[in-house]
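Put the complex together from the two separate chains, hints included.
Line order of the protein sequences matches chains A and B.
Under our numbering, the first residue of the first sequence carries the number 1, and numbering increases by one thereafter.
Under our numbering, the first residue of the second sequence carries the number 1001, and numbering increases by one thereafter.
Quick caveat, the hints were computed from the structure, so don't treat them as lab data.
Idealized CB from N, CA, C, for every residue including glycine.
Just so you know, not all the hints are guaranteed correct.
[Unchecked claim] Coverage of chain B stretches by chain A, computed from C-beta distances (three or more under 8 Å per stretch; other residues unrestricted):
#	segment
1	1017-1026
2	1030-1036
3	1040-1046
4	1255-1263
5	1296-1309
6	1359-1373
7	1402-1412
[To be verified] Once the Cα atoms are required to be at most 30 Å apart in a straight line, the calculated BS3-like pairs of lysine-lysine come out as:
#	chain 1	residue 1	chain 2	residue 2
8	B	Lys-1097	B	Lys-1158
9	A	Lys-259	B	Lys-1428
10	B	Lys-1311	A	Lys-259
11	A	Lys-449	B	Lys-1311
12	A	Lys-161	B	Lys-1328
13	B	Lys-1428	A	Lys-265
14	A	Lys-265	B	Lys-1311
15	A	Lys-161	B	Lys-1311
16	B	Lys-1097	B	Lys-1113
17	B	Lys-1311	B	Lys-1328
18	A	Lys-192	A	Lys-421
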Amino acid sequence: MILVLLIILISVAAGFMALRKISGLRARQGKPHSPERYYAYYVGLMALTPALIVLTLWNGFEQSWIEEQVIRQLPFDLQSQSSNRIDLLLNDVRNTLSGHFNSTPSAPTQAAVDHYQTAQHQSQSAKTLTVILTALLVAGIGYGQVNIQLRARNRVENWVKVFMIGCALVAVLTTLGIVLSVVFESIRFFQKVPLTDFLFGLNWSPQTAMRTDQVGASGAFGMIPLLAGTLLISSIAMAVAVPIGLLAAIYLSEFSGAKVRAAAKPALEILAGIPTVVYGFFAALTVAPALRGFGADIGLDVASESALSAGLVMGIMIIPFVSSLSDDVMNAVPQSLRDAAYALGATQAETVRHIVVPAALPGIVGSILLAVSRAIGETMIVVMAAGLAAKLTFNPLDAVTTVTVQIVTLLVGDQAFDSPKTLAAFALGMVLFLMTLALNAWALSIVRKYRERYE
Amino acid sequence: MSEKNLLTHQQTFAKVNASLARRRAAERRFIWLGRLAIIASLGFLLLLFGNIGSQGISAFRQTFIALNIHFDPTLLSPEGQHDLETLGKANYNKLVKQALLATFPDVTQRHEKKALYALISSGAQFQLRETLLDNPDLLGQRQTLWLAADDRVDMLIKGEIQLDEHGQSPHFNPKQLNWLQQLQARQLLEKRFNGLFFSNGDSREPELAGILGALMGSFYMLLVTLAFSFPVGVAAAIYLEEFAPVNRWTDWIEININNLAAVPSIVFGLLGLAVFLNFFDLPRSTPLVGGMVLSLMTLPTFIISSRAALKAVPPSIREAALGVGASKLQAIFHHVLPLALPGMLTGTIIGMARALGDTAPLLMIGMVAFIVDIPNGFTEPATALPVQIYLWADSPERAFVEKTSAAIMVLLLFLIAMNAVAVYLRSKLERRW
Chain A
1 MILVLLIILI
11 SVAAGFMALR
21 KISGLRARQG
31 KPHSPERYYA
41 YYVGLMALTP
51 ALIVLTLWNG
61 FEQSWIEEQV
71 IRQLPFDLQS
81 QSSNRIDLLL
91 NDVRNTLSGH
101 FNSTPSAPTQ
111 AAVDHYQTAQ
121 HQSQSAKTLT
131 VILTALLVAG
141 IGYGQVNIQL
151 RARNRVENWV
161 KVFMIGCALV
171 AVLTTLGIVL
181 SVVFESIRFF
191 QKVPLTDFLF
201 GLNWSPQTAM
211 RTDQVGASGA
221 FGMIPLLAGT
231 LLISSIAMAV
241 AVPIGLLAAI
251 YLSEFSGAKV
261 RAAAKPALEI
271 LAGIPTVVYG
281 FFAALTVAPA
291 LRGFGADIGL
301 DVASESALSA
311 GLVMGIMIIP
321 FVSSLSDDVM
331 NAVPQSLRDA
341 AYALGATQAE
351 TVRHIVVPAA
361 LPGIVGSILL
371 AVSRAIGETM
381 IVVMAAGLAA
391 KLTFNPLDAV
401 TTVTVQIVTL
411 LVGDQAFDSP
421 KTLAAFALGM
431 VLFLMTLALN
441 AWALSIVRKY
451 RERYE
Chain B
1001 MSEKNLLTHQ
1011 QTFAKVNASL
1021 ARRRAAERRF
1031 IWLGRLAIIA
1041 SLGFLLLLFG
1051 NIGSQGISAF
1061 RQTFIALNIH
1071 FDPTLLSPEG
1081 QHDLETLGKA
1091 NYNKLVKQAL
1101 LATFPDVTQR
1111 HEKKALYALI
1121 SSGAQFQLRE
1131 TLLDNPDLLG
1141 QRQTLWLAAD
1151 DRVDMLIKGE
1161 IQLDEHGQSP
1171 HFNPKQLNWL
1181 QQLQARQLLE
1191 KRFNGLFFSN
1201 GDSREPELAG
1211 ILGALMGSFY
1221 MLLVTLAFSF
1231 PVGVAAAIYL
1241 EEFAPVNRWT
1251 DWIEININNL
1261 AAVPSIVFGL
1271 LGLAVFLNFF
1281 DLPRSTPLVG
1291 GMVLSLMTLP
1301 TFIISSRAAL
1311 KAVPPSIREA
1321 ALGVGASKLQ
1331 AIFHHVLPLA
1341 LPGMLTGTII
1351 GMARALGDTA
1361 PLLMIGMVAF
1371 IVDIPNGFTE
1381 PATALPVQIY
1391 LWADSPERAF
1401 VEKTSAAIMV
1411 LLLFLIAMNA
1421 VAVYLRSKLE
1431 RRW
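Chain B on its own, in the form it takes in the complex (with noise of 0.2 Å):
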């Protein structure tokens, strides 16, 4: 060590002090760097959920028209039978435009008419049917009743369709804006609260479409894949935590389980299309099927998460169980297994959430079909609620979009729920030790 490398106290002192301003300027970008990423993803966070409320909140109301239906016996059933058979296949459509003709008795002309009629959705009939057939009394009386508006009125009341500066839009010509602007006027046209949209199932039309067939089918599919993935989650963590002897076989399996848990889900449905629809022929587009794909998907989350609920159990308990004579299940079912619950609960809670926001398997295995009725069983053909909000995604008329949003509200409002009950769950039954 020559004498002339080495620095005196001062020296060293003040070559310190002269970098410390910069160091300490370069401490503070750094920490603000760290701050912006934070503060960065949840601005993205807040944008994400106030661009989805913004544009679907306004799909929770909808326009609707009062008109007075006259339920005519001499239209409905001409041949004077009143039974529920006769009533369900009668033609409703009439007592629609009847009543519109009846709102606005100046219009005569054809090509008039076929205009008017376009302002009520097509699927006002079907309303008709279901009031009376919940109601048969009504038969030969009138009443007022609301019924929706085609979507592009709705559309253009929630002003998503802008007139143009001489009051027109190529959306309507100038006779149905002028009736759209009299019902405004008598108190007949007005937004209310969309009860089709959580009654409905899907409809090509938007102002019919409703969430309610997915979340049914979505319903089924997540009852399956409780079924399923619980217990078999379970049953494999308690063997591989407490059973498995250490040696090459578990390892490789324990390796193979936390593969599986990384690999992409849409693989997943690959497997389903492969294994369920084409060897053993299951129904397609099932929530059977679906519910299966998904738990096989959601089994290594479970059996993880399982496996760190029996790890959190102490030794002592087994040992306690096992000293005074209980054999080693019995020190597992009746000790070990009601303490790990709760934390294979949250688990649980948390990897059916995750069963319920996915997509793309579901789209593997059929069930992108275009559904309208509700399903009401394991084997009947749905759609789940993620699957519907791509399809109307993919949508092109203008009034999907705002279901979409709200559809998406939806169903994250039910992940937000099953993630807050996993998260209360573990506070109140999660034991330290």
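One chain only, chain A, in its complex shape (with noise of 0.2 Å):
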């Protein structure tokens, strides 16, 4: 933190610099190829840029160098071990370095800390002195360049624009880190587990036993079960969300006056903004009981984690999902075709139904699909009101489990990281990223596609 500190410090104290050069120069030789302060910004950022670069990656890999240095000093019969024991040592090397190490650390830890801090000490000081000497290299260089050809606003420019570039990669950056990461895993996930299981498997227990001679060590991961979980909890969340929205967005498009439109809709948006965390609280401790309570009255038996409670809660925060866009696109709907149909006779109503909707329907489509990722991909509600057993039934009434609960129960709590329940739990992200992908891709496609059919 200091050291970013002084590399900034450096920065402008060179760009200062810089400005008391090109002043001078413009008194003896005439006017800069550009305004002064491009050069102050100039030799700054040379100053700035490089030696963050060298920080970064120092930083990145100072763990890994100095736990180098630590095994290559240990005893030899030490560093003949396995890795877990020196993986292990170095654990314990480290919770004594931070102090929640209560009991005094063995002789060979006591040596391995010692040894430890020494690399840490060489690292810091190595690091601080690279860094600060590349900057003041660079600014050097940046200084010695100023002068009154040089077109400093350019260089600049260009600079920024590089940073922009670099920004703007950074959401395909994005992308790309989910598919590595999730693809990797789930590579690793199918080795130990045939594709096929997974796909087509009727089973979904991934409880792996503790000690590989217990009975059923290996679980069963087939997600058929969690993807019939989920398509029961989406469909009755899009039972809900579909003619409730379809209906609100007609209403406020065609038949609302400007006032109560704009004062329904965004009213209607609260539904989208509040945390889903609040509408899983709301599912499991008020709707749950009240179905399951209603349920007894008339004598059906409804499981206390029902899909029905997570599906209607969920289809009621979709609501604006379908109201919103589909508002949108009925609104662009042209007014010469309702016009047309009035002349012919046709009542307000009629116009909506047979003229307004089918025009709209790629749109109205492509918003019903973006809602309907959003309910595959939804976690709070579903984690707080469904179950967790996977049961493979279309009985609303039941309790079912889905992709994004089991992400999150197979993730929470600490196990290792490459047992087969945790890369499962990747496996489950990977058909979730591909199913939501899929389904955004072709609802965007259908709206973009539609919008330039009027535009």
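Here it is as structure tokens:
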């Protein structure tokens, strides 16, 4: 942190020196190419950028370098041990250093701790020296370059442009990161569990045993029950959201006055702005018991974590996703189409049903697809209100589990990172990502095409 | 066209008139369906708010018991050292017990004493310690302090635990009920404003659990998110809107951003787990990592709203700047950006509100850990407000239900405030061209 401040200080100082130099040159040699402040920016950025890059790289590799030094200085008999033992020792060392270790460390650990600290100090001082030297050196080069012919503005602008391109690429890198992380872990998972078992298996019980010789040690990783549960809950949600959302959109775009529309549209969008954890709490503590009680009254056996309660509440959350976009696309239908229908004697409702909705249908379908993708990826409501046990059923009164619930249950809590359980979560994540990606891409392309049609 | 199929004017009118009543009724039904849809959604919204509010409002007041505490130096520091360190480590539980026994002198038996001690929160000793450390002069003196009662007592006073027809309850033995009645009669037991809720971190004891730790965690996380996504989002938007050539690459980037905006948030959690925690080895459960995951999640939204704000600035502004000799970058940074900034700001606030409410990705990166301490920095383990809600919602104690609802109320309050600021800024600063 202090180092970063130091680099900034150096670059600011370098900037001011460049400013002085160019002012002096201006007095003697005439008007420089760019406004003077750009020379300061130029030299300042020269000092800042390489030093920060060096610092970041160093920080990235520091830990592993230190640990390598420690391992190399371990006594020979310890060095030849398995990597697990060495990892344990390193863990002890780190804990001792951060003060989480209460008992006195053993002699080899203490030695390792000492080595660790030495290496840390070495790395620290080398880092400080390198970074500051880099900053000074590059700032010096930049300072030397300053003269009235130097096109400082163009160079600074190019630098800014490169930075902006980099920022635009962050979004692409994020996608790449998501794809790579789920794909790599999934590949590791499929090395342990065959792909066909995962895709077509009808059993999901990821409890792997503590010891390999226990009964049922393998666990079952068939995702069909999870998909069925996800689809069941999403269908219930859509059964709530599509009619209500569409009718609300039709009313707002075709029938209501401007005032009602201005008030009701943002009010509906509040529904989408409420955190999903709130819906989850509501579904689990209010809706589910109410449904269960109601079911008992009319003689139906409703599970306390029924798909119905999660689906109903999720549907309400999704209403604005359907209504907002549908409202927009119906507004985009040209007035001439409506006028033509009125001229033929159609009532307003008939116009809506036979002209506006069919004309807007692609956009409406797009909005529904987006809503479906929302429902499939929704996590907190189902984590709190749906069940944990995978069950292959389409009975909405039963408890089912979903892909997202299983990802959360598999990953919350500590377990070894390469157990099939953890890896299975990434495989499920890949399925989820691909499903929502396909839906989104499809929906967005429909909406895009539709916009072009009426523009 | 044969003559037979043609209707006369009169016949047409008759047919239309005959159907008119039915068609108008259909029209009215249709309109009412639309109204009903809106009423139903808004009604649900009210139901949700009402439900949360009615459950949560009681958590802002909590049952406290007044005890006359004697800060006895012989109990606190038997060796006679009165420095802060000794006092910090002393056993304050004894003081609480002593005061309880002094209030009920007739309690002598061991199991009776135990039942009596159970009425007061096990965290009362920490309250005493803080009081004394804040004001060391109290040593050796007596003072009446209001100490938090046990959560079951709180539930009883609030009527959540009902007594049966004999005035008994499975949660209390008859003596305990008797003592509570005595306390009430002597006005030593009352509901007071629950300051602990706003000043404590999480706790296993519902009466001690507070949201300050979660609030601070959320605060640090949002700072990270803002510091990362705002500059990156604005820069990316400027590039895509103003500089990017229209070709397959930029088209692809755009599709990519739109898709990313609709990826489920839990997938971003997986990304954070695999990349930030396992690959870069950043510390688990910290606001730093949480903030980074949330920034990646909100970045597409930021970029989209910033681009819309840039698009809204009329081209004449750019052309005028270029016309008087500004470079393209100067035209944008000196003229277009200041005009687009209010729009970007509202988009940012709305994006931050979404980031504040999101839970799922934080579960993936270990922010569900049980953390009592209030975080003081970006790399200390912390939890976030929505995650705290999730954790409390999962707790079995009855008293956590009202805490959860109260935490939700606080969260919603923040969200409403943020959105209100955004709406205000939009109406105040946004220019129509």
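Exercise. Of the numbered hints stated previously, which ones are contradicted by the structure, given in increasing order?
Worked result: none
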